[in-house]
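A.B. asks: Here is what each chain is made of, one letter per residue.
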Amino acid sequence: MPLPATRERAGFVFEDLYRSCRDDVFAYITTLLRDRTAAEDVTALAFERAYRKRKSFRRERGSERAWLFGIARNAALDELRRRRRLAPLLVEPAACGTEAEDAEHAVRRVAVRSALAELPGRDRELIALKFHAGLDNAEIARVLGVSETNAGTMLHRAIERIRKACNEAD
Amino acid sequence: MRLIRQQTIPVEVERELRAVDAALAGEPVEPELAELRDLALALRAERAVPPEQFVNALDARLEAGFPKPNASGSSKSPRRHSQPLAFATAAAAFLVVAVVLTSGPFSSGGGEPTTKEPVGQAEPARGGSAHPLAVPAGPAPAPSGAASLQEPRKVERAASITLSTPRNEVESVADDVLHTADRYGGFVLSSQVSGGDRDVGASITLRIPASRLQAAIADISKLAHVRSRSQSALDITGRFATPRRQLADATAERRALLIQLARAATANETASIRARLKLANDRIDAARATLRRLARRVTYSSVSVTVEPGPNTATGGSWSVGDALRDAARVLGVGAGVLILSLAVLVPISLLVGLGWAARRAYVRHARVAALDAVEKPATR
Chain A
1 MPLPATRERA GFVFEDLYRS CRDDVFAYIT TLLRDRTAAE DVTALAFERA
51 YRKRKSFRRE RGSERAWLFG IARNAALDEL RRRRRLAPLL VEPAACGTEA
101 EDAEHAVRRV AVRSALAELP GRDRELIALK FHAGLDNAEI ARVLGVSETN
151 AGTMLHRAIE RIRKACNEAD
Chain B
1001 MRLIRQQTIP VEVERELRAV DAALAGEPVE PELAELRDLA LALRAERAVP
1051 PEQFVNALDA RLEAGFPKPN ASGSSKSPRR HSQPLAFATA AAAFLVVAVV
1101 LTSGPFSSGG GEPTTKEPVG QAEPARGGSA HPLAVPAGPA PAPSGAASLQ
1151 EPRKVERAAS ITLSTPRNEV ESVADDVLHT ADRYGGFVLS SQVSGGDRDV
1201 GASITLRIPA SRLQAAIADI SKLAHVRSRS QSALDITGRF ATPRRQLADA
1251 TAERRALLIQ LARAATANET ASIRARLKLA NDRIDAARAT LRRLARRVTY
1301 SSVSVTVEPG PNTATGGSWS VGDALRDAAR VLGVGAGVLI LSLAVLVPIS
1351 LLVGLGWAAR RAYVRHARVA ALDAVEKPAT R
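Each protein sequence line maps, in turn, to chains A and B.
So the first sequence is residues 1 to 170, counted in the working numbering.
So the second sequence is residues 1001 to 1381, counted in the working numbering.
Treat the hints as calculated values from the structure; they're not laboratory data.
None of the values given here were measured: they were computed from a predicted structure.
Hints are not guaranteed to be accurate.
Sample of chain A residues at the chain B side, in silico, Cβ under 8 angstroms [stated by the list, open to error]: (1) Arg59; (2) Ser63; (3) Leu80; (4) Arg161.
With a Cα cut of at most 20 angstroms, we get these calculated EDC-like pairs of lysine to aspartate or glutamate [stated by the list, open to error]: (5) A:Lys164 with B:Asp1059; (6) B:Lys1278 with B:Glu1308; (7) A:Lys55 with B:Glu1027; (8) B:Lys1068 with A:Glu15; (9) A:Lys55 with A:Glu118; (10) A:Lys53 with B:Glu1035; (11) B:Lys1222 with B:Glu1151; (12) A:Lys164 with B:Asp1249; (13) A:Lys164 with B:Asp1176.
For every residue, glycine included, the Cβ atom is placed at its ideal position computed from N, Cα and C.
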């Protein structure tokens, strides 16, 4: 289907949404799956699903960004379910820092990465939505299906956990 | 959507969340929250960046409008396979329910059929088996018992015809029915013809020789529009057995009594034998009368003819506004009936499908969150 058809009656251009969210969706899914290869497949699947469902978008239910991340979330969780049935999840080794990287920063980075890996799945998802996908609290609430206040509280709790883990590591 | 519970967020929490937002936006943060700012920036630094090759491939798919992958494509959702299956299952269930409702014990059969199929009744002959319900007007069914081999089956036939004719022709059609009975050697058992403006109609019961029944019915059917017609055949061979046995017994007793009477010596003995003879004669007469009645039922068939005014001939054949209103009401009634029947089938099915859909959604949602919770500490590749 040619691109001009991506302009929607719902009031957004799919291509614009894609350009603005592509990297965020990938980052969010990668954090959730902890597998870059699988994240690529799931990201593509999420955009494909969003493209096919684009006419079902209703602005009164939230922003198109929140709608897209809802689809991405379902695709990622379906992938987790599928992997759970097939084999245990493997996490990719973290990339090494550059030689020029400050030693203190490197230690801090390792601590954060370790704390992130140790987080419960729900907390890690909140961190991914906030810090990797760049969603605001209202959008996070919409994606998770909770109130904005609730989303803020949950996010703060997740930050506290990772902060505590980092401090313990230090 | 999950239960949304509004609550106030603590001031300190709100302050820290604002600091996180400010740090992510590159804005200044209060000095005492510098650690939180550093954490936020460190977390964002962990953000994965998509490889260029993947980005280019995805861009190309967007340009192509995300063409559907081949059947072997890995991204093909299994849901797409399950949807046709679900529709097929729902359609099959609908058909099964519809068939069950429209036939068998649930069918009311309230409407009057235009033409009834021949329906017969049979009673099993003694020492034999029951015969098929519908017995044609031809030869009697083949006997099944040894005794029955000696004589043909005795079958009582009956027919019922409802004719429809314009109101002003009811009486003439009734007369034609009577003449038909005469023509075929039958007779009229009862006849009731009503005239006037209201309750116009005729109800006639004929006796027609069984051998000519079909020809008579064919002629009667030509007299007017046949609204319904039915025939029945009842095997009454077994009913002859009892009166025949009674007749044989009574005849033998009479013969014996006559011999005794010839040998009687006293007046008292003679009187006693004569009284017993009278009883035996009565029994013989009764048995013969029963046999005659049964034979008449076999020889002559009963034909009930009802002549009714046609539905759209109230004014002598012209179609009036009243007729149109009646027809419209009938059409609406039938339509409403069909609608109610359809709803009776569709509503339960829709409820079941809806419940199943809701249950599946709830299950999938639960399973997704469970999958998220299950991935706690993965092994390192």
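A.B. asks: All the hints need checking, so say for each whether the structure fits it.
C.D. replies: These are the hints, each one checked on the structure:
no.	hint	in the structure
1	Arg59	violated, 16 angstroms
2	Ser63	violated, 16 angstroms
3	Leu80	holds, 4 angstroms
4	Arg161	violated, 11 angstroms
5	A:Lys164 with B:Asp1059	violated, 40 angstroms
6	B:Lys1278 with B:Glu1308	violated, 52 angstroms
7	A:Lys55 with B:Glu1027	violated, 37 angstroms
8	B:Lys1068 with A:Glu15	holds, 18 angstroms
9	A:Lys55 with A:Glu118	violated, 39 angstroms
10	A:Lys53 with B:Glu1035	violated, 42 angstroms
11	B:Lys1222 with B:Glu1151	violated, 36 angstroms
12	A:Lys164 with B:Asp1249	violated, 116 angstroms
13	A:Lys164 with B:Asp1176	violated, 109 angstroms
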